[in-house]
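**Q** For the protein sequence lines, the chains are F and X, in the order given.
Mapping of the first sequence onto the working numbering: residues 1 to 153, in sequence order.
Mapping of the second sequence onto the working numbering: residues 154 to 813, in sequence order.
It cannot be assumed that every hint is accurate.
Every beta carbon over 12 Å from chain X, so not counted as near; a handful from chain F, in silico [as the list claims (entries may be wrong)]:
no., residue
1, 100
2, 101
3, 104
4, 142
Here are the computed distance ranges between Cβ atoms for each label pair [what the hints assert, rightly or not]:
no., chain 1, residue 1, chain 2, residue 2, range
5, F, 78, X, 469, 50 to 60 Å
6, X, 733, F, 103, 25 to 35 Å
7, F, 78, X, 375, 26 to 36 Å
8, F, 142, X, 733, 43 to 53 Å
9, X, 736, F, 63, 17 to 27 Å
10, X, 213, F, 35, 37 to 47 Å
11, X, 233, F, 35, 22 to 32 Å
12, X, 210, F, 103, 52 to 62 Å
Calculated directly from the structure, the hints in this document are not laboratory data.
All figures in this text were calculated on a predicted structure; none of them were measured in a lab.
C-beta: ideal position from N, C-alpha, C; glycine also.
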Amino acid sequence: MSMVETTPGAWEPKIVAFCCHWCTYTGADLAGLNRMNYPANVRVLRIPCSGRMNPQYALDALNKGCDGVLVCGCHPGDCHYSTGNYFARRRMLVFKRLLEYQGLEPERFQVRWISGAEAGKFRDTVTEVVEQVRALGPLHLNHELVLSGMEVE
Amino acid sequence: MSRIGVFICYCGSNIAGTVDVEKVAEVARTLPNVVHAETNKYTCSDPGQAGVKAAIEKYNIDRVVMGTCSPRMHELTWRKLLADTPVNPYMLEVANLREQCSWVHKDKEVGTAKAIDLIKMAVAKVDKLSPLKSTQIPVTKRALVVGGGIAGMQAALDIADAGYQVTVVERETSLGGKMVMLDKTFPTMDCSACICTPKMSEVGSHPNITVKSYAEVESVEGYVGNFDVTIREKAKYIDYNLCTGCGACTTKCPTKVINNFEQGMSARPAIYKMFAQAVPAKPVIDAEHCRKIQENKCGACAKICPTGAIHYDDEDKVTTERYGAIVLTTGYQLIDWKPLYPEYGGGKYPDVITGLQFERLVNASGPTEGHILRPSDGKEPKNVVIIKCVGSRDPHKGVAYCSRACCMYGAKHAHQFLDKVPDGRCFVFYMDVRTPGKGYDEFYMNTLQDGAQYLRGRVSKIYKEGDRLVCLGEDTLTSAQIRIEADMVVLETAMVPAEGVDKLGSMLGVTRDKDLWLTEAHAKLRPVETNTAGVFLAGVAQGPKDIPDTVCQAGAAASKVIGLLNHDHLESNPQISRVNEALCQGDGACVNICPYHAITLVQKQFRENSQKITRTVASVNPGLCQGCGACTVTCRAGAMDLLGYTNESLMREVDALCQW
Ligand SMILES: Cc1cc2nc3c(=O)[nH]c(=O)nc-3n(C[C@H](O)[C@H](O)[C@H](O)COP(=O)(O)OP(=O)(O)OC[C@H]3O[C@@H](n4cnc5c(N)ncnc54)[C@H](O)[C@@H]3O)c2cc1C
Ligand code: FES
Numbered sequence: 001m002s003m004v005e006t007t008p009g010a011w012e013p014k015i016v017a018f019c020c021h022w023c024t025y026t027g028a029d030l031a032g033l034n035r036m037n038y039p040a041n042v043r044v045l046r047i048p049c050s051g052r053m054n055p056q057y058a059l060d061a062l063n064k065g066c067d068g069v070l071v072c073g074c075h076p077g078d079c080h081y082s083t084g085n086y087f088a089r090r091r092m093l094v095f096k097r098l099l100e101y102q103g104l105e106p107e108r109f110q111v112r113w114i115s116g117a118e119a120g121k122f123r124d125t126v127t128e129v130v131e132q133v134r135a136l137g138p139l140h141l142n143h144e145l146v147l148s149g150m151e152v153e
Numbered sequence: 154m155s156r157i158g159v160f161i162c163y164c165g166s167n168i169a170g171t172v173d174v175e176k177v178a179e180v181a182r183t184l185p186n187v188v189h190a191e192t193n194k195y196t197c198s199d200p201g202q203a204g205v206k207a208a209i210e211k212y213n214i215d216r217v218v219m220g221t222c223s224p225r226m227h228e229l230t231w232r233k234l235l236a237d238t239p240v241n242p243y244m245l246e247v248a249n250l251r252e253q254c255s256w257v258h259k260d261k262e263v264g265t266a267k268a269i270d271l272i273k274m275a276v277a278k279v280d281k282l283s284p285l286k287s288t289q290i291p292v293t294k295r296a297l298v299v300g301g302g303i304a305g306m307q308a309a310l311d312i313a314d315a316g317y318q319v320t321v322v323e324r325e326t327s328l329g330g331k332m333v334m335l336d337k338t339f340p341t342m343d344c345s346a347c348i349c350t351p352k353m354s355e356v357g358s359h360p361n362i363t364v365k366s367y368a369e370v371e372s373v374e375g376y377v378g379n380f381d382v383t384i385r386e387k388a389k390y391i392d393y394n395l396c397t398g399c400g401a402c403t404t405k406c407p408t409k410v411i412n413n414f415e416q417g418m419s420a421r422p423a424i425y426k427m428f429a430q431a432v433p434a435k436p437v438i439d440a441e442h443c444r445k446i447q448e449n450k451c452g453a454c455a456k457i458c459p460t461g462a463i464h465y466d467d468e469d470k471v472t473t474e475r476y477g478a479i480v481l482t483t484g485y486q487l488i489d490w491k492p493l494y495p496e497y498g499g500g501k502y503p504d505v506i507t508g509l510q511f512e513r514l515v516n517a518s519g520p521t522e523g524h525i526l527r528p529s530d531g532k533e534p535k536n537v538v539i540i541k542c543v544g545s546r547d548p549h550k551g552v553a554y555c556s557r558a559c560c561m562y563g564a565k566h567a568h569q570f571l572d573k574v575p576d577g578r579c580f581v582f583y584m585d586v587r588t589p590g591k592g593y594d595e596f597y598m599n600t601l602q603d604g605a606q607y608l609r610g611r612v613s614k615i616y617k618e619g620d621r622l623v624c625l626g627e628d629t630l631t632s633a634q635i636r637i638e639a640d641m642v643v644l645e646t647a648m649v650p651a652e653g654v655d656k657l658g659s660m661l662g663v664t665r666d667k668d669l670w671l672t673e674a675h676a677k678l679r680p681v682e683t684n685t686a687g688v689f690l691a692g693v694a695q696g697p698k699d700i701p702d703t704v705c706q707a708g709a710a711a712s713k714v715i716g717l718l719n720h721d722h723l724e725s726n727p728q729i730s731r732v733n734e735a736l737c738q739g740d741g742a743c744v745n746i747c748p749y750h751a752i753t754l755v756q757k758q759f760r761e762n763s764q765k766i767t768r769t770v771a772s773v774n775p776g777l778c779q780g781c782g783a784c785t786v787t788c789r790a791g792a793m794d795l796l797g798y799t800n801e802s803l804m805r806e807v808d809a810l811c812q813w
């Protein structure tokens with residue numbers, strides 16, 4: 001549903017990354033401590049756990065002008081709250097399908113597990129997602145993405 | 154209207170190097186509800202903090218955005234600062250301008266633009282936060298220890314010595330656990346009774362310790378500092394206030410029951426003490442086998458008791474008491490190898506025994522008074538085969554993990570046998586020899602010097618030929634087929650969690666791993682804590698280990714308990730879930746997803762359309778909720794929200810970001 005209409009320099013992808021406080025947010029901090037570089041197109045939004053990630057936030061972001069959404073948490077088995085990311089994994093998988101069913105390109109909604117030590121993986125993931133979305137161009141929606149019809153759980 | 158103050162830090166040149174801090178402040182001043190924005194060279198320094206306080210006062214600020222380094226670094230610093238001002242410490246949002254902005258971007262224009270966005274997001278979020286107050290949770294200064302093995306006894310003694318009351322709940326009729334069954338303990342070979350029974354009497358007579366033997370935890374309510382624990386003490390049929398422990402009764406009882414303490418190798422009466430040095434040092438009646446209780450016949454024990462302590466109409470005693478902390482030390486049992494190893498006879502050969510049976514056979518107070526005599530015919534075995542890892546490291550038959558103590562006690566058994574039967578021969582089948590630990594490898598080397606023959610491989614079959622047991626196996630180092638005619642075979646079987654620990658764990662919200670060992674909160678950094686605040690663990694209940702490690706862990710758990718009980722009050726984390734009762738449908742989805750069992754469904758009265766109605770709604774226990782927010786997403790009615798990370802505040806943050 002989106003068209004590539006990049007006039008060089010005019011458009012930059014906007015990505016929001018929802019990161020759990022305990023692992024990915026820590027990994028992102030470590031990338032900073034190690035003075036790694038990654039594209040400035042990503043804004044990190046801190047949530048306590050990937051299990052706190054409500055699909056509604058991603059919908060809002062995509063409907064209101066973000067070009068891509070990244071959801072990150074601890075590796076399965078490592079959630080600070082034991083089980084949060086297991087629920088997130090299932091929920092986000094269903095949600096991703098629903099988004100794709102509505103026509104969203106898979107690259108625009110991604111879920112990754114990044115630990116507090118994986119600064120390099122954070123940098124690489126962010127860079128990769130930005131480049132993938134850049135290649136797709138800005139997100140143009142013909143109609144709003146919706147949640148209805150979906151069982152959240 | 155909120156009054157937001159924005160404070161942006163240079164962090165020397167750390168932030169200012171790639172972010173135009175003044176420009177960010179300038180933009181911040183134009184954002185909705187921002188009444189003041191200022192910059193500072195080092196906000197976290199004393200003068201920096203004083204500046205923030207002064208500005209809060211001067212501009213009558215009611216919430217703040219700190220554009221500084223990561224909240225992981227300074228969120229607490231800022232909360233403490235705010236606690237000293239009229240601003241509520243939770244009316245705070247930190248924009249991560251250093252770790253996630255200035256340090257990862259080189260271009261100042263790019264860095265500045267991103268910093269402005271991060272400030273916008275933080276301003277949008279903080280605008281929607283509400284003040285939170287942590288509540289004070291009182292701490293009941295008493296601890297409960299579940300399991301009276303060496304782990305439980307050590308933990309109880311350490312806590313009691315620090316001056317706190319401790320109750321030990323032990324399900325058997327005596328303290329001691331497995332350790333008191335052992336003969337000698339590696340690597341020093343000190344007699345287990347000599348080091349274990351003094352601990353038992355110390356626990357039994359400690360002024361701060363109450364022992365509830367023959368007892369189990371029935372239910373637990375509440376949370377850290379305030380666990381209401383219901384304990385059922387089984388009827389003992391003996392009044393311990395009257396009983397002197399003389400033991401006359403046990404000599405008169407005509408009934409014979411299999412003696413589990415002696416691993417089934419002898420019999421005991423129906424009125425019995427588990428073993429001579431049992432603590433409490435008084436007998437109980439095993440009601441199931443007592444003729445008086447079952448058939449109203451006999452009554453011999455009551456007739457002989459000089460103090461009239463025996464009451465056949467005794468009943469279970471159920472009490473509920475409050476504890477501030479709980480330590481789980483429920484230990485282990487040996488895997489039931491019989492159904493798993495038909496090739497070893499599956500239990501039909503009495504001379505194929507377990508390690509614990511061997512311990513009783515070499516023990517001077519055991520059924521053979523310490524003479525190694527095989528169970529079938531009471532003869533001294535000359536050829537003994539020891540098989541290690543029976544059930545361990547074998548996911549197809551038993552468990553995948555290593556039981557950790559068996560390499561050492563296998564060597565111990567070989568040594569003990571060769572010591573007691575100098576003309577005997579001992580063969581040890583092994584997969585690996587794992588002897589890390591102080592003095593452990595030396596111990597193993599000594600066993601080899603004693604003459605034990607180690608064969609690398611598994612025994613594939615044991616069958617009877619005459620009165621000997623033929624063991625077939627392979628020495629994988631020489632590829633030789635091995636056939637040994639043994640008189641007795643000792644199986645060093647896997648440790649598995651104590652029965653009933655699954656139920657106990659779920660009662661307390663403590664997770665069990667795939668093998669049902671209780672799980673620590675963090676494998677490295679919180680090894681004796683559990684996911685439930687105020688519940689700790691030690692000993693083999695957490696996973697197989699030997700006595701030195703068990704005692705270390707028990708001491709560690711005790712020190713955590715002492716640290717907790719040392720507080721009069723705990724501050725609760727106010728960033729927890731909240732139910733909107735008007736929206737709640739009472740369907741309980743949140744109850745099921747909560748990893749801490751913090752949510753329950755309750756019946757509540759409401760006034761609707763000027764009528765009183767009763768509805769089921771969710772209720773969050775602030776002592777148990779850890780603020781993960783899983784329930785908020787699972788609630789279809791949208792009735793659950795997470796304070797400090799509310800849906801509204803996060804959505805505002807998203808909105809702010811979309812405008813960039
Ligand atoms: C054959 C053999 C030989 C060994 N030799 C040695 C040795 O030489 N040296 C060495 O260091 N280690 C040795 N070990 C290991 C040693 O036995 C353990 O490390 C030690 O006993 C662990 O103590 P614990 O208190 O954790 O568990 P346990 O000894 O199992 O104690 C747990 C206690 O909790 C009670 N309990 C369980 N569930 C409940 C419940 N729900 N409610 C109330 N009470 C409950 C049990 O009745 C028991 O009394 C040997 C083990 C075996 C099998
Ligand atoms: S805390 Fe990181 S996913 Fe749960």
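**Q** A separate judgement is required for each hint: does it hold in the structure or not?
**A** Now the hints, each set against the structure:
1. 100: With a cut-off of 12 Å, residue 100 of chain F remains clear of chain X, as the shortest Cβ separation is near 20 Å.
2. 101: 20 Å, holds
3. 104: 16 Å, holds
4. 142: 18 Å, holds
5. F/78 to X/469: 50 to 60 Å: With Cβ atoms ~43 Å apart, the hint is violated.
6. X/733 to F/103: 25 to 35 Å: 34 Å, holds
7. F/78 to X/375: 26 to 36 Å: Since the Cβ atoms of residue 78 of chain F and residue 375 of chain X sit about 29 Å apart, the hinted range of 26 to 36 Å holds.
8. F/142 to X/733: 43 to 53 Å: Taking Cβ atoms as reference, residue 142 of chain F and residue 733 of chain X lie about 35 Å apart, which means the hint is violated.
9. X/736 to F/63: 17 to 27 Å: 24 Å, holds
10. X/213 to F/35: 37 to 47 Å: 40 Å, holds
11. X/233 to F/35: 22 to 32 Å: 29 Å, holds
12. X/210 to F/103: 52 to 62 Å: Holds, since residue 210 of chain X and residue 103 of chain F (Cβ atoms, about 54 Å apart) stay within the stated range.
Consistency note: the structure conflicts with the earlier hints numbered 5, 8.
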